[in-house]
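Trainee: Protein sequences, first through last, are from chains B and U. So the first sequence is numbered by our numbering: it starts at 1 and just counts up by one. So the second sequence is numbered by our numbering: it starts at 1 and just counts up by one.
Since the hints were made in silico from the structure, they are not lab data. Heads up, the beta-carbon is just placed ideally off N, CA and C, and yes, glycines get one too. Don't take each hint at face value.
[What the hints assert, rightly or not] Here are a few chain U residues that face chain B, going by a calculated C-beta distance under 7 Å:
#	residue
1	S15
2	G17
3	T292
4	L302
5	H483
6	S578
7	I647
8	S679
9	A680
10	L683
[As the list claims (entries may be wrong)] Listed next, the in silico DMTMM-like pairs over lysine to aspartate or glutamate satisfying Cα-Cα at most 20 Å (straight line):
#	chain 1	residue 1	chain 2	residue 2
11	U	K509	U	E541
12	U	K751	U	E378
13	U	K505	U	D427
14	U	K381	U	D307
15	B	K7	U	E109
16	U	K505	B	E87
17	U	K618	B	E132
18	U	K618	U	E541
19	U	K381	U	E497
20	U	K618	U	E682
21	U	K509	U	E497
22	U	K505	B	E132
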Amino acid sequence: MTIDTVKITIGVNGESTSADVEPRLLLAHYLRDVVGLKATNIGCDTTSCGACTVLVDGEAVKSCTVLAVQADQQSVTTMEGLSPDAEHLHPVAAAFRAEHGLQCGFCTPGMVLAAVSLLTENPAPTEREVREGLEGNLCRCTGYHNIVRAVLAAAGREAGM
Amino acid sequence: MGTRVVRTEDPLFLSRGATYTDDLIDERLAGALHLTLVRSPLAHARITAVDVTGARAAPGVADVVTGVDIDLAPAKLSAVAPDGMVRPWLATDTVRFVGEPVAAVLTEEPYQGQDAADLVEVDYEPLPAVIDLRAAASDEVLLFPEAGTNTAAGFGLDTEPDEHLFDGCEVVVTREIVNQRLAAVPLETRAAAAVWRPDGDGDGRLTLWCSTQNAQSARTEVAGWLGIDAAQVHLITPDVGGGFGAKIGADPEFALVGWLARRTGRPVRWSETRSESMTGMLQGRGQRQTVTIGGTRDGDVLAYRLDVLADAGAYPRLGATLPYFTCLMAPGVYAIGKVESRARSVVTTTTSTGAYRGAGRPEATAAIERAMDLFAAEIGKDPAEVRRRNMVAPDAFPYTTASGATYDSGRYATALDTVLEAAGYADLRVEQAARRERGDAVQLGIGLCAYVEITGGGAFSEDASVEVHPDGTVTVLTGTSPHGQGHATAWAMLAAEHLGIDIEKITVKHGDTDLVPRGSGTMGSRSLQTGGVAVYQAAGELVELAKQRAAQRLEADPADLVVSAGTVAVQGTGAGVSLAELAVSERLRVDTVFDAGKPSFPFGAHVAVVEVDVESGKAVLDRIVTVDDAGTVLNPLLAQGQRHGGIAQGVSQALLEEVVYDADGNPLTATLADYAFPSAAELPSFTLLDMATPTPYNPLGAKGIGEAGTIGAAPAVQNAVVDAVSQLGVRHIDMPTSPVRVWEAIQAASKGNP
C-alpha cells in the first residue's frame, strides 16, 4: 500500500513553506511535524477543544479539522507568528500575561488566536459576547475568568460591560 | 510577598509556546519510533486469540508486541490492594476495562500506527461487566478470582457500627448520595518519550521524558516496574499541560515506552489521543455515600455517620485509598460529638480511579454539606443558621475532630458571614420568596457550603537549593513540579525576598531527576507550604552563609551585616560586597530540606445563586461568592487563578460533568464531544473575597489553595439547585444536576417522593 502524496505550498507566519504530503495529513500535523512549529497544540480528536486554533487568511480555524491540502496556497498564522519575540508581545498576548489568562499554557496558543479573531470581528465586545465567542476553545485551568478579563482588557473594556 | 506579580514564564509561553513532551525536539530522540496501542473494545472479556500477522506486514511497521512478549512481572499499582490485583503491561488472558492496552504497534511515522493497529485481530469471549458498586461489593463476579474479593481497600470496616450513635437525637435524616465519577481532562493528554541503549551509545541508563506531576516518584515507580535500580532511570519532565491529580506519578504506559525502547534499540515516542485518554487516564471521585445526620429540633447536630462505597476501577491505584481522606474529613467545619465514617473501595470493569482536584475531600464536603441542608430542611430552619450554630469556634484550635483530624486554625463563621453579607443573603431570600409566591417558571436557589479541607497531607517535606552565580543570576532547584501553578514566578519571589535580587534573574528548575534527585512533586495543594517554604528557608540560609564569607572579606562582625539588593553590606557604612562577587571564589549554594511534619487545613465558604426553570429543569449559575482562606498569600494573582480554576471545576461537577458507563461497561462519555466539559459560555465571572488566617505549622503561615475552590463550589451549587425547587417538595438531587435530573426530581416530589 503506497499513499500518493500531493505537493502543497502554504504561507506560514509570512514565510512560504512547501512539501509533498499525504492527502489525509491534518493542517495541525503539517504545522507541527512538517514545518516544526510546536506552539499549535492538539488537545482532542473531535474538534471540541480548540487548542489547535490558527488563523487561515486571518480567520480562526481549528487546524485539526482542516487537511493540509485544503490550506494549499493560503496563509496561516500560528502563535509563533503573532508576536515578533517574547519581549514584544502582541497586544492580545500581552493582555493574557497582564491578566493571568493562562496557567499550564496548553490551550493558550489556540485561545489567543481565537481571541485575536474575535476582536477583529467585534473590537468592543461585551463580557457575554467574549464568553460566547470563545465557546469553541476549552481551558481546564483558569475557569475562563481571567481569559475573559484579558480579552476585554485587550479591547479596552471592563468585565460586566 | 503578598504583591501581585505577573508570571515570568509567560513571555515564552505566549510567543514560542511551552514545550510539552510531544513538542520535544532533541537529538537523542532522532529517528524515534511511534507507539500506537491496540485497546480493548470490551469491558470484561477473555482473550482467546491475538493475530498480529497483518499488522506486522503493514507499511512502516517496525515491531508489534503483545503481552506474551513482555518479560516483566505484572504491576501492582496500589500498596493496599490484595496481592492478586495486578495489571499486565499488555493484557494476555483477560481484559478488565474498555481501553485496556492489548498490543503495541511501533511504526516509523505516526499515521502508520493507526493503520497497522487496525490490522491487529483479537478474539474476545465476553465476561459479565461489573459496573454497579453494590454488585461489585457482593463479589458475585470477581475481577481477580485469585484475590478472592472485589474489595481493594477498606477504612473503618473492622469496627462495628455503633447502634446507639443517634440515641438522644430528636431528628435523624438519612439519604443516599452519589458523588459521580469525573474525568480530569488536562488539556495535554499523556505523553512519553524514551531512549535506552544499555549496551550502546549514551550512558546506558533509561532516559524517559513524560508528562507527570512528580518526576522523582515517577522515576522510582518506573524503575520498580522495570526491575532496575532507580539510579538507572533519568526522568525528565518537560512543560506539563495540566494534571489535576490525574498525572500523579507514572502510568504503566510510561514504563512500557521505556521497555520498548530497550527492546527495539531505538527511541520511542508516545502521545495518546483524547479519546484514548478519556478511558486510559485515571478518573476521579466515584463514590456512593449514605449520610445519616441527627440532632435536636433547635438545630444542634449531635451525631453523623458517613458510609462510602468507592469505585477503584479495574486496577486499583491511588483512587482506592482516597476514601481515607473522605472519612477523615467527614464532619467538615462542625463540632459534632459523635462521628462514624467508613469506606470500602471496590474494583469494577471501568477505567481506574485516582486523584482529581480535591481527591477524597470534595466527597467529604459534599456529603456533610448536603446532610446539613437535609437536616435544616427537616427541622424547618435556615441552613445558614444551622451551620453557624454547629461550627467549631475560632478559639477552639488546634481542634481534634471525632474522626481524628487536628485542624490548625480557622474562622469558619467569619468566612460564612462574609460571603452571606457580600451576596446579600437576606435580600436573596426575599427575592426567592417573591418568585415562589408568584409561581414564576424561573425560580431562585441559594446554596451554601462551609468547608475545611486538608492540604499537604501526602508528603510533609520538600527539598530546595538556591545558588547565586558569579554573573549575579540565581538558580533555584525545587522538588515540587509546577504544571500551571506558576512556581517559576512564586519561588523566585520567595528567594528574592531574602536575596533582594530581581526575580527576572532567578531561574527555577524542577522535574529533572539528575538535577533534583529528591522531591515529592505538586499535588494535594502541598507546594507552597512545603516546597515554597523550603526555597524561602534555603535563601535565608544562603544569606547567612554569605554573611559569614563577607564578614571575613569586609573584616566585619556578621551581626553587623545586612543583605539588600543582592549585596552584603556593613550596616551604616558604604562597605559591601555583592553575592555575585562572593560566588566567584567559591560556589555560593545552599541545599536544604523543610519538613512541616503535618498537614494544614484551609477553609472557606461559598454562596451560589442559581436560576432554575422548573418547567425544563435547567439550572443556570448566576453568581458564586467565595471566601477561600489558605493563610498567608504569596502572590494574589496566582492564588486567585487557582481559586478560579478550582471553582470552575466544582461548578462543573455540580451542573455538567459525569463519566457514564452503560450496564455492559461501555463508556458513553469517551470523547470531548460527549463529555460535558464546560466552556466560557456556561460559567459566570466569580466573586472572590479575601481572608487570610495563617497556619502555625510553617514560617510563611501558608496553607494550600489549589483545590479549595473545587471543594467549596460543588456543594454550594448543588445545594442551590435543590434549594430552588425545595418548595416543590424536593430534598435532594444528585450531581450533575442536569435538566433531566432536576425535572425528574420535581416529578417525583409531586408524587410524594422527596
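Trainee: With reference to the structure, classify each hint as holding or not holding.
Mentor: Each hint tested on the structure:
1. Taking 7 Å as the C-beta cut-off, the interface hint given for S15 of chain U holds, the closest approach to chain B being about 4 Å.
2. Annotation: interface hint on G17 of chain U holds; nearest CB of chain B at approximately 3 Å, less than 7 Å.
3. Here the hint on T292 of chain U is broken, as its CB sits about 34 Å from the closest CB of chain B, past 7 Å.
4. About 38 Å separates the beta-carbon of L302 of chain U from the nearest beta-carbon of chain B, more than 7 Å, and the hint is not met.
5. Evaluation of the H483 of chain U hint against chain B yields a held restraint, the C-beta minimum of about 5 Å falling below 7 Å.
6. Hint status for S578 of chain U relative to chain B: violated, with the closest Cβ pair at about 26 Å, above 7 Å.
7. Annotation: interface hint on I647 of chain U holds; nearest CB of chain B at approximately 6 Å, less than 7 Å.
8. A hinted interface residue such as S679 of chain U counts as satisfied when its beta carbon comes closer than 7 Å to some beta carbon of chain B; here the least separation is about 5 Å, so the hint holds.
9. Proximity of A680 of chain U to chain B holds as hinted, the smallest CB-CB distance being about 4 Å (cut-off 7 Å).
10. Taken as an interface hint, L683 of chain U checks out: its beta carbon lies about 6 Å from the nearest beta carbon of chain B, inside 7 Å.
11. Of the supplied pair hints, the one linking K509 of chain U and E541 of chain U holds, its CA atoms being roughly 19 Å apart against a limit of 20 Å.
12. With a C-alpha separation of about 19 Å, the suggested pair K751 of chain U and E378 of chain U falls inside the 20 Å cut-off, and the hint holds.
13. For the hint pairing K505 of chain U with D427 of chain U, the CA-to-CA distance comes to about 51 Å; that exceeds 20 Å, so the pair is violated.
14. Between K381 of chain U and D307 of chain U the alpha-carbon distance is near 26 Å, which puts this suggested pair outside the 20 Å criterion.
15. Of the pairs offered as hints, the one joining K7 of chain B and E109 of chain U holds, with about 19 Å between alpha carbons and a cut-off of 20 Å not exceeded.
16. With a C-alpha separation of about 15 Å, the suggested pair K505 of chain U and E87 of chain B falls inside the 20 Å cut-off, and the hint holds.
17. Restraint check: the Cα-Cα separation between K618 of chain U and E132 of chain B comes to about 19 Å, which is no more than 20 Å; the hinted pair holds.
18. The suggested pairing of K618 of chain U with E541 of chain U is violated, with an alpha-carbon distance near 57 Å, which exceeds 20 Å.
19. Proposed proximity of K381 of chain U and E497 of chain U is contradicted: the alpha carbons are some 50 Å apart, above 20 Å.
20. For the suggested pair K618 of chain U and E682 of chain U, the alpha carbons sit about 12 Å apart, so the restraint of at most 20 Å is met.
21. Between the alpha carbons of K509 of chain U and E497 of chain U the distance comes to roughly 18 Å, so the proposed pair stays at or under 20 Å and holds.
22. At most 20 Å may separate the alpha-carbon atoms for a hinted pair to count; K505 of chain U and E132 of chain B exceed this at roughly 40 Å.
Of the numbered hints listed earlier, those contradicted by the structure are 3, 4, 6, 13, 14, 18, 19, 22.
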